[in-house]
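K.L.:
Chains as they are written, first to last, in the numbering used here: chain A, 127 to 366; chain B, -7 to 371.
One or more of the hints may lead you astray.
Partial list, derived from the structure: chain B residues whose beta carbon lies under 10 Å from chain A [said to hold, decoys possible]:
1. K(-6)
2. W188
3. G189
4. M192
5. V279
6. L280
7. I283
8. G284
9. I364
10. V365
Quick caveat, the hints were computed from the structure, so don't treat them as lab data.
Every residue, glycine too, gets a C-beta built ideally from N, C-alpha and C.
Residue strings, one per chain:
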Amino acid sequence: MVRIDGNGGGTSLIRVRNLDKAYVRGGQAVHVLRGLNLDVEEGEFVAFMGPSGSGKTTLLNLLGGLDLPSSGSITVAGDEITALSAAKLTAWRARHVGFIFQMYNLMPVLTAFQNVELPLLLTRLSKAERRAHAEAALELVGLKDRIGHYPRELSGGQEQRVAIARAIVADPTFLLCDEPTGDLDRASADEVMDLLHRLCADYGKTILLVTHDPRAAERARTLLHLEKGALVEAVKKHEA
Amino acid sequence: MKFFALIWRNMARKKVRTTLTIGSYAVALFLFGLLATIQTAFNQGVDVAGADRLVTRNKISLIMPLPVAYKERMLQLPGVKEVTYASWFGGKYQDDKNFFPQFAIDTDTWLRVYPEFKVPPAQWSAFLADREGCVIGQATAAKYGFKIGDRVPIIATIFGGVWEFNVDGIYTGHRQEDDVTQFWFHGAYLEERRQWGKGMVGWYVIRVKDPDRAIYVSKAIDDRFANSSWETKTETESAFASGFVKQMGNIKLLILVIGTVVFFTLLLVTGNTMAMAVRERTGELAVLKTIGFRNGTVLWLVLAESLGYAIQGGVIGLAAVKLYTLRGDPTGGMLPLFYLSAGKMALGLAVTLALGAAAGIIPAWLAMRLRIVEALRRV
Ligand SMILES: Nc1ncnc2c1ncn2[C@@H]1O[C@H](COP(=O)(O)OP(=O)(O)OP(=O)(O)O)[C@@H](O)[C@H]1O
Ligand SMILES: [Mg+2]
């Protein structure tokens, strides 16, 4: 269940309260988010839409602990991340968040396997365990046979699937996707959206997705619009 | 090291640039090794100087002699344990290029003052019994193929004529730094054959009983001969040797200036390379941080890369200079101790690491401070 009225109960995985974010540019404050509230339960698939510059990326960055709000709080699985120190926040990110970007952002010098293995280097897993996990993740995205390929040897859609494997390999609490199909053709975009849908439906992953593409947004269970710094409900397909 | 693959692949991504960077380190460290070798060679006298040895020479100049009679008078002074003397023969073997120093020595005392030189007792006895005998340092013997029993003609540029000597002994040194290029023969033989300057010797070497009192002994010696027609100047052996080095120009300063300029240039070049590398990878670094790489880890990744270039280049440069010095003195005798010591190699490696760290620290710091959100926005 997803709520934007700030009245979610104690069952929410993600709870955002009175979130404000302002950037100071040329001595002038630009208010991007104003008093934003959000509650997301585990296993939800939420899509955010909104005009360019409305603050979608800003919101995802805050949810992922990449940036700090001007005021307000974000609590994920009981941790108030907006109160964590920078070092703790980094460790929290490694443990709880999987990021997927529009531009895939793979390491060009590493193979598909090495890219997927990267987050596991931060864990205590042994080399053999890392190998097994990374291979399983690549298998899940259907790229087991591309294990030794470098990003430049893959198509855009394949690169994005490697990026998804990298995002899920450490089994994060939730996935944040910022326009993951923005750079892909229709077919590849559908593949990626199928994959995300499957991760939510079959593996119970909580997914928050920003997109400009209505077809992609349709695949989410809940669609929200970001307008004037706050969220408004759009077409609600069905209750969770 | 779990991150080795990432660091290694990053180093390999721009082959030309990496090669040039490693090459710069190699050239700089080769130069460092060469300068260190030359400096060691020039300073050998200073480095091997005995703490308990004084050198007494004519006050006016090193090339002016002193009376042989001073030996007994010096021995009477308190604090003096042993006195020996030598004279410079200044001969050449066959050719001007074949330089090695020949000393006419006081055979009675020489080895007692220079205990670091070893001559097999049988050879030394043979030498003492042979008026025309000589003892040659191992390096010079090896270089010219002199063997025991050989007869060696030396052209006497100062005293005239060709003097022939019998090789009775080969001496070795205790330590690698000991000068094993000298050629010794009987001071008595020189005295006998010389046409002029009889009764004179080149310089004295004194061993003192207590090194801590060396300065008082040296003053006592000079006071003893003050106002005579042959006044003396007595210094510790290391001061004497470094005075000798000074005569060759201030080599140390020169080496320091060249070294500093080279290393500073290297630092600018490699520092810039690392800065470029970090700038090009802004997005990738931000992604690593997004994934959960700590700031400290990112700092180390960049620093390790910088150190990686430095170590590879430094090892190549130092290995090359070591190989070069193994071929021996390139000047044909002017620098008898042309070798790169383990200590200087270690210093070279330390310098390499310091340079790698210095070149990498600012880019690494910038990478560490990189703010994810801003960096991702630029991608
Ligand atoms: N670091 C910053 N400094 C100043 N202004 C910023 C900064 N980051 C974002 N902004 C501003 O905040 C607003 C929201 O940006 P944001 O990137 O969140 O929008 P978005 O909804 O993701 O847009 P798009 O659909 O184009 O990706 C924009 O007006 C942007 O110019
Ligand atoms: Mg955006």
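K.L.:
For a quick check of understanding: which of the numbered hints are violated here, in increasing order?
P.N.:
2, 3 and 4
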